[in-house]
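As a plain string of letters, each chain reads:
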Amino acid sequence: MNSISNILNQQSILGLFSTEDSAADALDALSEAGFEPKEYEILTGTPYPEGTFGEEEPKHKLFRFPLIGAACGFIIGLGLTTATQLAYPVVTGGKPILSIPAMLIIMYEGTMLGAILMTVAGIVFESRLPRLFMGAYSPKITEGFIGVAVTSAPEKIQKAEEVLKKCGAEEITSGQDTTE
Amino acid sequence: MALIPGWIDALFPVTHAHNSLQAGVSIVILTMFIMHKFGGYKEEIGLDQFWGIGKLQFALCILWFWFWFSSFIIFWYGAKPAEQSVLELLISGPYLPIFIATFCLNFFIPLCTMIWNPLRVSILGPTLISISVLIGTALDRIRLYVAAYSVSEQAPAHSLQNIPSAISPSTYDVMIWVGGISGCILVYLLATKVFPIINIWEQKELLLYKYHKKFHRTEVLVLGKPE
Amino acid sequence: MQEHTQLTQKQINDDLLRSVFTVPRWWPGSTLILLLIFIAGACAFGYMINKGLGVTGLNRPAYWGVYIVNFVFWIGISHAGIMVSAILRLTQAEWRRPITRAAEVLTVFSLTSALMAAPLTHVGRQWRVLYWVFPYDFARGVWPNVRSPFVWDPSAVMTYLIASTLFVLICLVPDLAIIRDRSKGLRKKIYSVLSLGWRGTPRQWKLQTVAGILLSALVLPVFASVHSIVSWDFAVQIGPEAWHSTIFAPYFIIGAIHSGVSAVATLMVVMVWAWGYKTYITPDHLDAIGRLLIVVAVTWFFFFFLEWIYALYTLEFGELAMRELQVFSWPYGALFILFLFTAFLIPVPMWLFRNIRRSYLWMFITTILVNIGMWLERFLIIVPGVIRRGELMFNWGTYHPSIIEILMVLATFGWMMFGLLVFSKIFPLVPLFDVKEGMVGRDEIKIGRRTVPASIRE
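Chains as they are written, first to last, in the numbering used here: chain A, 678 to 857; chain B, 155 to 381; chain C, 33 to 490.
It should be emphasised that the hints constitute simulated quantities derived from the structure, not laboratory data.
Using N, Cα and C, we set each Cβ at its ideal position, and we do this for glycine too.
Mixed in with the good hints there might be a few duds.
Per label pair, the in silico range of CB-to-CB distance [what the hints assert, rightly or not]:
id: 1; chain 1: C; residue 1: Ile119; chain 2: B; residue 2: Leu343; range: 31 to 41 Å
id: 2; chain 1: C; residue 1: Phe182; chain 2: B; residue 2: Leu362; range: 49 to 59 Å
id: 3; chain 1: C; residue 1: Thr430; chain 2: B; residue 2: Ala156; range: 28 to 38 Å
id: 4; chain 1: B; residue 1: Glu356; chain 2: C; residue 2: Leu122; range: 19 to 29 Å
id: 5; chain 1: B; residue 1: Trp331; chain 2: A; residue 2: Ala748; range: 33 to 43 Å
id: 6; chain 1: C; residue 1: Thr331; chain 2: A; residue 2: Phe740; range: 27 to 37 Å
id: 7; chain 1: A; residue 1: Pro807; chain 2: B; residue 2: Gln357; range: 48 to 58 Å
id: 8; chain 1: B; residue 1: Lys196; chain 2: C; residue 2: Arg481; range: 30 to 40 Å
id: 9; chain 1: C; residue 1: His36; chain 2: A; residue 2: Pro807; range: 35 to 45 Å
id: 10; chain 1: C; residue 1: Gly173; chain 2: A; residue 2: Phe740; range: 37 to 47 Å
id: 11; chain 1: A; residue 1: Ala748; chain 2: B; residue 2: Leu362; range: 42 to 52 Å
Next up, chain A with everything else stripped away, as it sits in the complex (with noise of 0.2 Å):
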């Protein structure tokens, strides 16, 4: 309950740099100044090389998505091949009622799917999509601006803020601006 509240009390504030190089040394101001990771982020336009701003790497589970995905799909295109083969069975060109060859081209096509499908769900998942509040966010950043999104605690923003400012953001906006 008390961690819902904190979530729910919590502020962003956003800082806008033109340079990857400023951009880094705000993480690093951040970090001195007493804030945790998890209460910054980098927010970018294009994709970087990872650790080009000093941020730790993001850890994943997405390889799990397209294994279970497979799996499911093996087992609903053997179910459904054998069952279906079963439930009516003609003997059709001469090949036996469970036809082997036949089936594992289905099953082959259904575990192929499944773990396309799943895959494409852990993406969004994994991504923390869909998001439904921007939070702190500026339309500058798909420009070309490097965004340095601090949420923290209303007493820890005015100094989130002061730290953004002395590496040199060119514009900072909250959290409650940004969205239309």
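Since the structure of chain A is already known, use the hints to place chains B and C on it.
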């Protein structure tokens, strides 16, 4: 194709070429491992090289199944008597244990193991799979050629009437095999005493086009692409 | 890539989103013409439903005609997206960046054209398609016949269509965020929903990169299986002599890659001419795809040679008669010569010259020729195969496509191009984030007086 009645497989040249490529890549990986472990080339032949060639090996192992299945499904589905005899001779009949071994060694084991990143992105992983593929390819060649040459007297017929039983190798066959493989290894080792095993000028060229540099807060590899 | 212009993110956004925010002068007219072509085909389709399949040229013994030819052709074109996008992504080829989305969208609309060509038109009683394809017991305990290639087909094609569509959509999300940020009013609301709240955190970008690689690796086996299964529609049959060959699966796939990559090259030139993307799709890109096309075309020719040599070497009467029909009888002989020249003998020697590969006009012409040739290739496999007067055949006949079939074939072309144009109005055809990543990851190495382009790898 001419030796087994009914065995008209237009895909066979491609299957054969692909299996040879797969075996070739495997022997290269094995050679790389020996050079890395015992040849003193740890710097030049590292994880990057095994990772790259491991991806190729994985793709070739999957392709093995595709080529085999493309031939098999035509014969199985058509159900022509001549083709059924071919399938019985080469797959489900006297050479069934060898076929199962080949299937597992060339496809199933590599698929189940190399799909795991920790195994594929390692030095030992591709090496062990190479050994599996080489044994599997050797067995596959035995299955195809020994079976084909054992039916030659039936060649004018439209389909196989009698499926010949499997032929086991004699002591002399095994000795020729071992001798042949040893001879190849000997020639290779002698060659490495005469010529440098690593292409020196290409390694030097790589030093011109590859370096690490600091990229803001991280380090990246810069790879030049001359044309 | 020697030719390169370093651009800012804003410049890239301005250039590549112009097609979304403005209407080029040629767009409304072209879209209308293509829509009319499609409607003409739809009317022909309606007429065929009303009067029956007899209004087409299909009859005993030519049960399969241009509808099936068209189906195989469009499945072939659909292999473009995956070849360019997935394989080049996995091999980290930098030149793929501006063309991946166009290739993937070409795949999606080609597949829908293929679905129009066979299940919707060829089958005769379209309303019954669902009964024999959908895995459900609609009546009397009869389920789809799992042992039939005509049930493998829909499972493969639908898997491929779903996979390709999802691939396009997932990779679109960052670009939709850019459009969201530049929009106002209702458009902003719509793109906000479509972009799923994308913000551009390192986690989201990392997953985009992993998504591209993982989906590429998953879709590649599906790509191989789709055209293999389509080829087995022909190859598993023992009736028509030239069809029962094990080489059909890889032969069809390499043919699909040949026609598909040619279609991508055609599309690249159209993107430069129509949308003015010359800064992004340079002669270097055409050169790279031209070299790829040489390899693909030569491999295709090898498989074509193998198919013929195995047919002729056995000296079986049926095979020889079939090949004689394909090469020496009218009109198939003339079409065969035309096919050989357009699919291989004209384009490939031309592509050996660097100036040709770097010319927008010549690449456009040669790649269109390839697709004419590849359409004829499928025609020459299918139609002579069904009309050959074999033993114990009681129906002798020829095949002439009717105006209904011609209109519906044209409708599939119209639909595909119409779909591409409409897509370009709603979504950017060039992936912005991919191009921007290429700009960020670009570097140079000075070696003496020479500057060598380089790329950054993590």
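Comparing the hints with the structure gives:
Here the CB-CB span from C/Ile119 to B/Leu343 is close to 38 Å, well matched to the stated 31 to 41 Å. The hinted range of 49 to 59 Å is satisfied by C/Phe182 and B/Leu362, whose Cβ atoms lie roughly 57 Å apart. Checking the proposed 28 to 38 Å range against C/Thr430 and B/Ala156 shows it holds: the Cβ atoms sit about 36 Å from each other. As the Cβ distance of B/Glu356 to C/Leu122 is approximately 24 Å, the hint placing it in 19 to 29 Å holds.
Between B/Trp331 and A/Ala748 the CB atoms are about 41 Å apart, so this pair conforms to the stated range of 33 to 43 Å. At about 33 Å, the beta-carbon gap between C/Thr331 and A/Phe740 stays in the expected band of 27 to 37 Å. Separation of A/Pro807 from B/Gln357 is about 50 Å and conforms to the stated range, judged on CB atoms against 48 to 58 Å. Between B/Lys196 and C/Arg481 the C-beta distance comes to about 36 Å, which sits within the given range of 30 to 40 Å.
Distance hint for C/His36 and A/Pro807: a CB-CB separation of about 36 Å, consistent with the stated range 35 to 45 Å. The hinted window of 37 to 47 Å between C/Gly173 and A/Phe740 holds, with their beta carbons roughly 41 Å apart. Checking the proposed 42 to 52 Å range against A/Ala748 and B/Leu362 shows it holds: the Cβ atoms sit about 48 Å from each other.
The structure meets every hint from the earlier list without exception.
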